[in-house]
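Asks: Taken in sequence, the protein lines are chains A and B.
Every number in our numbering is 2 more than the matching position in the first sequence, counting from 1.
Every number in our numbering is 54 more than the matching position in the second sequence, counting from 1.
If you are wondering where the hints come from, they were derived from the structure by calculation, not from laboratory data.
Remember, predicted model here, so these are calculated numbers, not experimental data.
One should not assume that every hint holds.
[What the hints assert, rightly or not] Some chain B residues near chain A, calculated using beta-carbon distances under 7 Å:
id, residue
1, Leu64
2, Tyr67
3, Val79
Virtual Cβ for every residue (Gly too), placed ideally from N, Cα, C.
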Amino acid sequence: MAEGVALGARLRRFYRRSEGARGLALLSPTMAIMVTALAAPLGLLALYSFWSQAGYGVDTTPTLAQYAIAVGRPTYRALFYRSLEISATVTLVTVLLAYPMAYFVAFRTGRSKFIWLILLTIPFWTSYLLRVFAWKLILGYNGVINSGLLSLGLIGQPLEFLLYNPFAVVVTLAHAWAPFAILPIYVSLEKIDRSLLEAAADLGDGPIRRFLRITLPLSLPGVIGAAVLIFVPTTGDYVTPALVGGSGGVMISNVIEEQFDKVANWPLGAALAIASMAAVGVATLLFVGAMRAAARSIR
Amino acid sequence: MRKSGRGFGLLLYALFYLALLYVPVLFLPLFSFNDSVFIAFPLHGFTTRWYAQMLADGAMLHALGNSLKVGAITATVSTVLGLLAAKALTRYRVPGGDALLGFTSLPLFIPDIVLGISLLILLNLAGIPMSLLTVVAGHCLICVPFAITVLMSRLDGFDKSLEEASLDLGETGWMTFWRVTFPLALPGIVSSLLLTFIVSFDEFLIAYFLAGSEATLPIYIWGQLRFPYKLPAVLALGALILLASAALVVIAEWVRNIGVKDGKRAVVGA
């Protein structure tokens, strides 16, 4: 009993003195919520993927059957490839277009920098659904572009290649995710020590050599960050392919959603989700590795 | 001469980029005032009837009420959680702090559909019925990382010795929090409340899985998209939502930078 009291007092003393313990105590509510709402559900998702659907319930005998279907069925495999392909294209387009913009904000805006940053981040916070919907209106058969060109007399009949195909998905995603690319690149450009550029100029390097040998390599972490931040979530995008993709632009998330909705085969949906995350993970690691190697070879 | 020429080209590109970013979205307000059920050129004259039609829709108002409720609760909960975490991570040397911070930002890297279905599985196994509260839980998951980012940068920005002085002068930890930390962090707290509210208010996919028979505003909009004759009213609603979100973002970023020196101002993520 007395020992218990003494132990309690020692624990209290330790708690008061130890920064780490107090920090952890402050962190614990947030962590508890994140573990319950993130780690536990993801664990259960993984568990579910090893079960199988039996009528209205699930059969909890562990099996790899769902993965065999998810990876083996040609339609699903085609969707995996298409999702990765669309996301990779979107990532490339978005990052290439964003780089000069980020460069402009970091080096050329001066006192108006804050205003530029706000203008570039407003779309980031506003409704994703509405931004995607706007593209459906623009690209549609009777949409903004077609009706605009028709009423100007530039085309005789509506262009059909605009909506309901992978092209529409790429355009829409590239637009919707643009703010995600600018910020990481901007941050890495902003961090570059300006005296390095001055030194290079003093030593006779022209603007192009300065860019290729200093600015570009030093901003690569931001480029890689931007690419990952776009590539990973867009492979799992549901809204855009559902609204503008048509049957040719369906992505893996659309079939995952079906398993949890109309088809009601949760184990298969779980396996498709885990398999797609694994595919994205592998692709991302390969990409980051390749980029790092490229960065080393520049220097 | 050559240098200014290059700078001009870049400025032109930047303006073009900005136009590309905004113009597609501006078609929503443009056609919301167009007096035709078809969303196409040429324009047919000015009308506000789509706004009247939208405001008279009971289902829309119900969904709006739901979204406001979910947004308010989500903003409060995630800001409190964010504040605790930000205080811990900026003021104490927490063992494994970086890893824990990385863990909390994980939801930004996981597709929303995966977050949605895995929460659906958890709630289903736990026997918890879907409701607006389960939507709040899902939204907190994606809002906490934003709250932590906003609040950490605010707490990092002011001098730790102010808190130490308060403690040295005999205030308790609790009073120091209320009389020193809280007022200094207040702009960050307001900004975090606004931004997490917007994220929750505009979020569709997670709510779609977790709302059960209830509808939030984005779920309501999603349901309307199937009916072409309802689209003009959706445009009117969308235009108002975009305007409100943009205004809140500007206020949030402005508040967050109150008392921050000109050159040190930043927006979330940069």
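Asks: Run every hint past the structure and note whether it holds.
Replies: Now the hints, each set against the structure:
Hint status for leucine 64/B: holds, given a least beta-carbon distance of 5 Å to chain A, under 7 Å. Interface restraint check for tyrosine 67/B: the shortest CB-CB distance to chain A comes to about 5 Å, inside 7 Å, so the restraint holds. For valine 79/B, the suggested interface contact is upheld, since its CB lies about 5 Å from the closest CB of chain A, less than 7 Å.
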